[in-house]
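Note that the protein sequences, when read in sequence, are chains S and F. FYI, this note's numbering numbers position 112 of the first sequence as 112, with every residue one higher than the one before it. FYI, this note's numbering numbers position 218 of the second sequence as 218, with every residue one higher than the one before it.
There could be a bad hint or two in this list.
Straight-line distance between alpha carbons at most 27 angstroms, and here's what the computed DSSO-like set of lysine-lysine pairs gives [stated by the list, open to error]: (1) S:K261 to F:K261; (2) S:K207 to F:K207; (3) S:K188 to F:K188; (4) S:K207 to F:K188.
Simulated from the structure, these hints should not be mistaken for laboratory data. Please read these numbers as outputs of a predicted model, since none were measured by experiment.
2 protein chains.
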Amino acid sequence: MPDVVVIGTGRVAAHLAQALQRSGITVRQLCGRSEKSTRVLAHRLNVPFTTDLTTIASDADFYLLAVSDDAIATVSRQLAGILPAEALLVHTSGATPLRAIGDHFQRAGIFYPLQTFSTDRPVDFTDLPICLSARRPEDLILLQKMARRISNRVATIDDRQRAELHLAAVFVNNFTNHLFGIAASILKAQDLSFELLIPLIRETVAKIETLPPESMQTGPALRGDRATISRHLELLQAYPPQYTDIYRVISNSINPDLDLKP
Amino acid sequence: MPDVVVIGTGRVAAHLAQALQRSGITVRQLCGRSEKSTRVLAHRLNVPFTTDLTTIASDADFYLLAVSDDAIATVSRQLAGILPAEALLVHTSGATPLRAIGDHFQRAGIFYPLQTFSTDRPVDFTDLPICLSARRPEDLILLQKMARRISNRVATIDDRQRAELHLAAVFVNNFTNHLFGIAASILKAQDLSFELLIPLIRETVAKIETLPPESMQTGPALRGDRATISRHLELLQAYPPQYTDIYRVISNSINPDLDLKP
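Okay, chain S solo, but in the shape it has when bound:
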């Protein structure tokens, strides 16, 4: 069984380290920047920890860089002076190309779990897509073996596909959540509970599990129902102007004939 050093103490690091441990992979060491959060996570994982990169175990089967996107290049540069050139470095970012792990390490890979992680919510990895890349075919096989221990849905994708997947994820996760936030603020202004919308949201999502979303599109924009759209734009006057911008551009995108102007 391969063993791993996990670098990073954020949500991705925490959830991935736990999932790897549960699958029987040994987390040899945890390495973090902040003494406190490293200690807390190491305690939860019951593994040794360090906050000093120079004291990192140098013979682990791979190194999981679960750090922020812009730290990947920096940390792998730092590790170039510490780890042997044959070490396998693997980052976990959807938005970052493989080359962010510099040329010093010929063995570079990506282990990108396509999910949003919260501090306090457990994650079921069983059906969670894990998107892999690696410079060397033999490292890809190693990553596949590990990924399949924690998930049934393992895909090998290239930099372009992963970047597009990450872009699509922003639409369905970050942007959708923002629309939920707008709806919540509208309801709050009317002294109505956001709970009222939960069954509708659940059904909106349940539908797309059986049919493609385009085929499920409904609503005033698709119908070209200008009377309802005008009433909505009037109501939106009472809210921040960006709500109107969003209403307008999405309605135009659903039905270009509407051609709603700013």
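For this one, chain S is given, so just place chain F on it according to the hints.
For chain F alone, kept in the frame of chain S given last:
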């Protein structure tokens, strides 16, 4: 037990009529415009039907107008010459004020189920919010009694609240579904399955059932991660320009400091 005549043969008519029947309320008659769809639904409900408004049963306890928004006023005007003035007319639209049922009928109400209905998907009414209004308090009590037979979540709201609720529903249902459609088309262009995004979408929704959506916001826009945003805008060049518009206005709304220009 009150009995009802259902006018309309669309998805709302079909699902509501079935839910009312299951709760023990008698659907006396179904009235539709198209011979074929009226016959089909009447057969499914096992009730008499007519396509001629003048032959409508004139002594039902109430009349459910489950017709399109712009047909509500027209149909209730037509019914003014047919039904007695003391008939109770109830429409089912979130976007339409109570006054759309003209002054001829002093007894007017709204029975608005806050849900998106598909032709082929069964609907669980148990937790589905039913939003009620009525001109007369005694009619509101009648509607509450019926609504509570089919749902645990019955709310009485005024025209303004219902209009705002409908606006919020457009954001969480129609707009969210459109974002899902954009993501699907991005994945399709990369030969990737939309299935890959389903666990992420499920988790995005599961989160807001416990915490307010604003508090769950993540992503490059919130972080002010301009490098990732630039890469996304570059990728979006390959897609219809409205995808870029949507990306820009929602990102600006999440984080006004970004101030992304068209």
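For each hint, the structure was consulted:
Of the supplied pair hints, the one linking K261 (chain S) and K261 (chain F) holds, its CA atoms being roughly 16 angstroms apart against a limit of 27 angstroms. Our distance criterion of 27 angstroms between C-alpha atoms is met by K207 (chain S) and K207 (chain F), whose separation comes to about 19 angstroms. Restraint check: the Cα-Cα separation between K188 (chain S) and K188 (chain F) comes to about 37 angstroms, which exceeds 27 angstroms; the hinted pair is violated. Using a Cα cut-off of 27 angstroms, the hinted pair K207 (chain S) and K188 (chain F) holds, with the two alpha carbons roughly 19 angstroms apart.
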